[in-house]
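J.: Sequence:
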Amino acid sequence: MTTTTPAAERERLLAGRDLSVDLVRVCCVLLVVVLHSLMLGLEVRADGAIGWRNVVQDEPWFAVGSWFGQLMPLFFVVGGFASWQGWASTQRRGGGGADFFRARLLRLGTPAAVWFVVVGAIVWLAAALGLPLTAVQLLAKGLGLPLWFLAAYLLCQAVVPLQVRMHRAHPVATAGALLAGVIAVDAVRGATGVQTVGLLNLLLVWPLVQQIGFLYADGTIARLRRPALLGVAALAFALVGVLGMSGVYSPDMLDNLNPPTLPLVLIGVGQTALFVLAKPALDALMRTRPAQAFVGLAGTRLMTIYLWHLLIVIAVAATVLVAPTVVPAVGTLGWWLARIPGDAIVFGVLLLVSLGVARFERGPKRVGPVPGVPALVVAGVLAVVPPFWAMEVGLDLVAFVWGAAAMVAAVLIARGRPVPAAADRSARVPTMTR
Numbered sequence: 001m002t003t004t005t006p007a008a009e010r011e012r013l014l015a016g017r018d019l020s021v022d023l024v025r026v027c028c029v030l031l032v033v034v035l036h037s038l039m040l041g042l043e044v045r046a047d048g049a050i051g052w053r054n055v056v057q058d059e060p061w062f063a064v065g066s067w068f069g070q071l072m073p074l075f076f077v078v079g080g081f082a083s084w085q086g087w088a089s090t091q092r093r094g095g096g097g098a099d100f101f102r103a104r105l106l107r108l109g110t111p112a113a114v115w116f117v118v119v120g121a122i123v124w125l126a127a128a129l130g131l132p133l134t135a136v137q138l139l140a141k142g143l144g145l146p147l148w149f150l151a152a153y154l155l156c157q158a159v160v161p162l163q164v165r166m167h168r169a170h171p172v173a174t175a176g177a178l179l180a181g182v183i184a185v186d187a188v189r190g191a192t193g194v195q196t197v198g199l200l201n202l203l204l205v206w207p208l209v210q211q212i213g214f215l216y217a218d219g220t221i222a223r224l225r226r227p228a229l230l231g232v233a234a235l236a237f238a239l240v241g242v243l244g245m246s247g248v249y250s251p252d253m254l255d256n257l258n259p260p261t262l263p264l265v266l267i268g269v270g271q272t273a274l275f276v277l278a279k280p281a282l283d284a285l286m287r288t289r290p291a292q293a294f295v296g297l298a299g300t301r302l303m304t305i306y307l308w309h310l311l312i313v314i315a316v317a318a319t320v321l322v323a324p325t326v327v328p329a330v331g332t333l334g335w336w337l338a339r340i341p342g343d344a345i346v347f348g349v350l351l352l353v354s355l356g357v358a359r360f361e362r363g364p365k366r367v368g369p370v371p372g373v374p375a376l377v378v379a380g381v382l383a384v385v386p387p388f389w390a391m392e393v394g395l396d397l398v399a400f401v402w403g404a405a406a407m408v409a410a411v412l413i414a415r416g417r418p419v420p421a422a423a424d425r426s427a428r429v430p431t432m433t434r
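With the working numbering applied, the sequence shown covers 1 to 434.
Think of the hints as simulated: they come from the structure by calculation, not from any bench.
Hints should not be assumed to be uniformly reliable.
As the list claims (entries may be wrong) - Just the calculated beta-carbon pair ranges, DEER-fashion:
#1 Trp61 to Arg93: 42 to 52 Å
#2 Pro290 to Ile122: 33 to 43 Å
#3 Leu162 to Val385: 15 to 25 Å
#4 Leu333 to Ala375: 50 to 60 Å
#5 Leu129 to Ile345: 39 to 49 Å
#6 Gly394 to Arg417: 43 to 53 Å
#7 Ala222 to Ser246: 25 to 35 Å
#8 Gln57 to Leu333: 14 to 24 Å
Keep in mind it's a predicted model, so treat the numbers as computed, not measured.
C-beta atoms are modelled at their ideal positions from N, C-alpha and C, and glycine is treated no differently.
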């Protein structure tokens with residue numbers, strides 16, 4: 001009988017993983033935390049009112065900096081790679097599209113449902129304790145801002161099986177059709193001035209960026225030589241600059257985020273080329289134990305970090321309300337330097353919070369048989385509507401209640417009726433690390 005040592009088991013688990021992709025996913029989410037900390041400057045104004053301003057976006061370098069600092073396109077690219085691998089794993093186990101989407105919905109929806117319930121209770125408690133209603137509503141709306149990602153990513157996950165099949169059969173035509181759709185939506189939005197038309201690009205921009213990840217997964221991008229990759233990156237960023245200077249699009253990628261627009265696709269192309277160029281160095285880094293430990297720790301709680309970070313960022317920024325004479329004035333050198341200990345506190349508290357809630361990222365311990373497609377469609381809609389509402393309208397006291405109810409219902413529907421553990425030990429949600 002062969003005995004497997006812990007070291008050998010660790011090597012086996014790491015084998016076959018693209019650890020540089022894992023590193024990028026972790027860094028993308030952690031950078032979001034830092035950027036939100038830089039963007040949120042609370043201050044007590046001369047009239048005693050509480051205000052806030054986006055400090056970093058006021059800087060003259062921010063627009064061009066956002067081409068590299070707005071990493072959501074790159075996150076969707078590496079997410080596309082992960083989805084390609086996850087769908088292949090599902091197929092190897094004999095599963096289908098329903099199995100894949102159910103697992104993804106539970107992995108994303110379960111921690112989101114917990115967030116809605118707990119954070120919603122905190123917001124209601126703040127109102128009950130006498131915090132001014134305007135401040136409570138501002139807090140609720142601010143906390144919901146990052147949730148757009150959940151709606152967009154779930155929509156992308158829903159189309160992975162179909163999109164992979166289309167990519168395998170007609171990669172150029174699939175990407176071309178999505179790109180044409182993106183341009184058409186932007187054109188109609190610009191010609192009519194109807195901003196809601198741009199919401200159609202949620203169904204086009206992010207799946208198109210996801211398909212860049214498919215090109216990485218199937219080896220197409222890896223076959224490009226360094227000069228070609230440099231050329232792709234230079235061309236992509238040059239086109240972003242041209243579009244920004246034309247006045248048709250903003251050069252600021254934060255302005256292009258919701259609804260998403262064509263420049264985000266180009267940013268995704270450019271960032272992917274830079275990632276592949278840096279990959280040898282990233283691979284070397286990820287062969288070290290400290291880097292693997294860091295990614296292993298953060299990578300198992302990315303949804304927790306993303307969902308909970310803004311609550312903690314706001315709490316740290318709110319120290320200005322209790323010590324307005326101690327906290328440096330917003331935008332001053334002292335304020336910028338204070339971001340270092342402030343962010344250290346944010347990440348420390350996030351680590352503590354994750355000890356209690358990160359386990360929900362694994363989804364329910366036991367599930368029932370995979371629900372039928374109609375039930376999964378209902379669950380998917382219930383899971384997408386609350387974050388979509390948060391993106392378009394903003395959360396408030398009432399939205400936290402029905403949003404929590406919808407997210408919990410989505411998880412319960414997708415989970416199905418759990419079978420007794422003794423009767424079927426295979427009922428656990430498959431572990432999908434990709």
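J.: Hints first: check each against the structure and report whether it holds.
T.: Here's how the hints hold up against the structure:
no. : hint                         : verdict
1   : Trp61 to Arg93: 42 to 52 Å   : 48 Å, holds
2   : Pro290 to Ile122: 33 to 43 Å : 35 Å, holds
3   : Leu162 to Val385: 15 to 25 Å : 22 Å, holds
4   : Leu333 to Ala375: 50 to 60 Å : 56 Å, holds
5   : Leu129 to Ile345: 39 to 49 Å : 23 Å, violated
6   : Gly394 to Arg417: 43 to 53 Å : 35 Å, violated
7   : Ala222 to Ser246: 25 to 35 Å : 33 Å, holds
8   : Gln57 to Leu333: 14 to 24 Å  : 18 Å, holds
The structure is inconsistent with the numbered hints 5 and 6, although it conforms to all the rest.
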